[in-house]
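I would like the entire structure built from these sequences, with the hints used as guidance.
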Amino acid sequence: MPGRPKDNTDYLTEVVGEDEDTIDFEIIELLFFAYRDFTGDPDAILEKSGFGRAHHRVVHFVNREPGMTVADLLETLKITKQSLARVLKQLIDSGYIRQVTGPEDRRQRMLYTTEEGKALARALAEPQSRRIAEALAKTGPGARETVKRFLANMKNAAAD
1 MPGRPKDNTD YLTEVVGEDE DTIDFEIIEL LFFAYRDFTG DPDAILEKSG
51 FGRAHHRVVH FVNREPGMTV ADLLETLKIT KQSLARVLKQ LIDSGYIRQV
101 TGPEDRRQRM LYTTEEGKAL ARALAEPQSR RIAEALAKTG PGARETVKRF
151 LANMKNAAAD
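Under UniProt numbering, think of the first position of the sequence shown as 1, with each following residue one higher.
Don't read these hints as lab results, they were simulated from the structure.
Hints are supplied without guarantee of correctness; some may be wrong.
To be verified - Heads up, simulated DSBU-like pairs for lysine-lysine below, C-alpha to C-alpha not over 30 Å straight-line:
| no. | residue 1 | residue 2 |
| --- | --- | --- |
| 1 | 78 | 148 |
| 2 | 118 | 48 |
| 3 | 89 | 148 |
| 4 | 89 | 118 |
| 5 | 148 | 118 |
| 6 | 89 | 78 |
| 7 | 155 | 118 |
| 8 | 148 | 138 |
| 9 | 89 | 48 |
| 10 | 81 | 118 |
| 11 | 138 | 81 |
| 12 | 89 | 138 |
| 13 | 138 | 78 |
| 14 | 138 | 155 |
| 15 | 78 | 48 |
| 16 | 155 | 81 |
Unchecked claim - Pair by pair, the computed Cβ-Cβ distance ranges are:
| no. | residue 1 | residue 2 | range |
| --- | --- | --- | --- |
| 17 | 139 | 25 | 27 to 33 Å |
| 18 | 49 | 85 | 26 to 32 Å |
| 19 | 107 | 149 | 35 to 41 Å |
All of these numbers come straight from a predicted model, not from anything done at the bench.
Note that the Cβ used here is the ideal one computed from N, Cα and C, for glycine as well.
This is the structure in structure tokens:
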């Protein structure tokens, strides 16, 4: 009816059309549930230290690329300096990350995981790696390459 505000159903029908087959709800839901479970084990470990997923991402990437700069980490994570500053300070103060002044440019800050940081990164990655290995084993031959290709294609092209 004219003048009547549209509810969400009207809007979705108008935008998507009546054919729900155009939306892959099954894959969307599987991604939601897989992400929930994939992050669940590390979340429990992080919670014991009062950390969250932002801390996990920082520890993971610094551990994978020792000596990366703060600028590189900001670019990798696509977060603001303000968001990173709080998380990084907590990780440095807790002894998981070490910050070193750049050799040529004293303004540059290079990041390294400490021994404790390496142990944390490993503890967080182990249950995730186990979950991935189990899922790939159940999926069959060639699954790893297919999953890698699928996930690479899910990323925004500009994120590379």
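Checked against the structure, which of the hints given earlier come out wrong?
-> 3, 11, 12, 13, 17 and 18
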